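Undergrad: Positions in the sequence shown are counted from 1; adding 1020 to them yields the working numbering.
Because the hints were derived from the structure by calculation, they are not lab data.
The model shown is predicted, which means the values in this text are computed figures rather than measured ones.
Quick reminder that beta carbons are idealized off the backbone N, C-alpha and C, glycines included.
One thing to keep in mind: the hints can contain errors.
Unchecked claim - Below, a list of computed lysine to aspartate or glutamate pairs in the DMTMM-like style, where the Cα atoms sit at most 25 Å apart:
(1) LYS1205 <-> ASP1056
(2) LYS1172 <-> ASP1154
(3) LYS1133 <-> ASP1063
(4) LYS1133 <-> ASP1056
(5) LYS1207 <-> ASP1190
(6) LYS1112 <-> GLU1082
(7) LYS1068 <-> ASP1056
(8) LYS1091 <-> ASP1197
(9) LYS1172 <-> ASP1150
(10) LYS1152 <-> GLU1109
(11) LYS1087 <-> ASP1150
(12) LYS1071 <-> ASP1190
(13) LYS1207 <-> GLU1104
(14) LYS1166 <-> ASP1197
(15) LYS1058 <-> ASP1190
(16) LYS1055 <-> ASP1150
To be verified - Quick list of the computed label-pair ranges, beta carbon to beta carbon:
(17) ASN1148 <-> LYS1055: 22 to 28 Å
(18) LYS1055 <-> PRO1111: 37 to 43 Å
(19) LYS1207 <-> ASP1154: 22 to 28 Å
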Amino acid sequence: MKKMNMALLCASVSVALAGCGSQEDHKSKDATSMKDIKPMTVDIVDAKGKKAGSAHLKQVAEGVQVKLHAKGLIPGQHGVHFHEMGVCEAPKFESAGKHFNTTHKQHGFDNPKGPHVGDLQNISANENGDAKGDFIATMVTLAPGKSNSLVKKGGTSLVIHANADDYKTDPSGNSGDRMMCGVIKEK
């Protein structure tokens, strides 16, 4: 009986330790894969097709960090969104498609039926038309092959709108015309 109890104890400890090891291995693989995702810079163009800024995208644990700078905007608040297509044909940027919305929800952080995965924070342009933003988009990734990946086949885009996003009105938060656009694709 003692031998059987000792054997059961040893087996239980072995299983418990094996489980801990596999959990650590899983965390290591996740950490390594996140490190393998290269940051990217997206050139932003205005309605004339001229470079008007850039966005630096970096995978972080919480999602994608977006550091955005644009110039030549009308002073005030401007909605910013990820759009579903990796095409930015000036002047209206309709080629960027709709908001990136893999969850099929309605638009807006303040909408109980939202938000889209491509909904982002407003940016504010100063009296010179310069705007900067630094935020984390928690519902997207730069990891290829994921349904919410910004680097999906064909890419996506980052669009700056003429007006502030009200964070609730579907489909685009009353943010107005598309003023600037940048293509997000793996190189």
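Undergrad: Does each hint hold? Answer for all of them.
TA: Evaluated hints:
The hinted pair formed by LYS1205 and ASP1056 meets the criterion: a straight-line CA distance of about 16 Å does not exceed 25 Å. The hinted pair formed by LYS1172 and ASP1154 meets the criterion: a straight-line CA distance of about 23 Å does not exceed 25 Å. Distance check on the hinted pair: LYS1133 and ASP1063 sit about 32 Å apart at the alpha-carbon level, beyond 25 Å; violated. Between LYS1133 and ASP1056 the CA atoms are separated by roughly 34 Å; this puts the pair beyond 25 Å, and the hint is violated.
Of the supplied pair hints, the one linking LYS1207 and ASP1190 is violated, its CA atoms being roughly 33 Å apart against a limit of 25 Å. Between LYS1112 and GLU1082, the direct Cα distance comes to roughly 32 Å. Violation of the 25 Å bound is thereby established for this hinted pair. The hinted pair formed by LYS1068 and ASP1056 fails the criterion: a straight-line CA distance of about 36 Å is larger than 25 Å. A threshold of 25 Å between alpha carbons decides the hint, and for LYS1091 with ASP1197 the separation of about 17 Å falls inside it, so the pair holds.
Simply put, LYS1172 and ASP1150 have alpha-carbon atoms about 30 Å apart, too far for the 25 Å limit, and the pair is violated. With a CA separation close to 23 Å, the supplied pair LYS1152 and GLU1109 stays within the 25 Å bound. Restraint check for LYS1087 and ASP1150: satisfied, since their Cα atoms lie roughly 14 Å apart, inside the 25 Å limit. The suggested pairing of LYS1071 with ASP1190 is violated, with an alpha-carbon distance near 30 Å, which exceeds 25 Å.
With a C-alpha separation of about 18 Å, the suggested pairing of LYS1207 with GLU1104 holds against the 25 Å cut-off. Between LYS1166 and ASP1197, the direct Cα distance comes to roughly 29 Å. Violation of the 25 Å bound is thereby established for this hinted pair. Taking the CA atoms of LYS1058 and ASP1190, the gap is near 33 Å; set against the 25 Å cutoff, the hint is violated. Restraint check for LYS1055 and ASP1150: not satisfied, since their Cα atoms lie roughly 32 Å apart, outside the 25 Å limit.
Separation of ASN1148 from LYS1055 is about 38 Å and departs from the stated range, judged on CB atoms against 22 to 28 Å. Restraint check, LYS1055 to PRO1111: a C-beta distance of roughly 39 Å satisfies the suggested window 37 to 43 Å. Distance hint for LYS1207 and ASP1154: a CB-CB separation of about 23 Å, consistent with the stated range 22 to 28 Å.
Against the hints set out earlier in the document, violations occur for numbers 3, 4, 5, 6, 7, 9, 12, 14, 15, 16 and 17.
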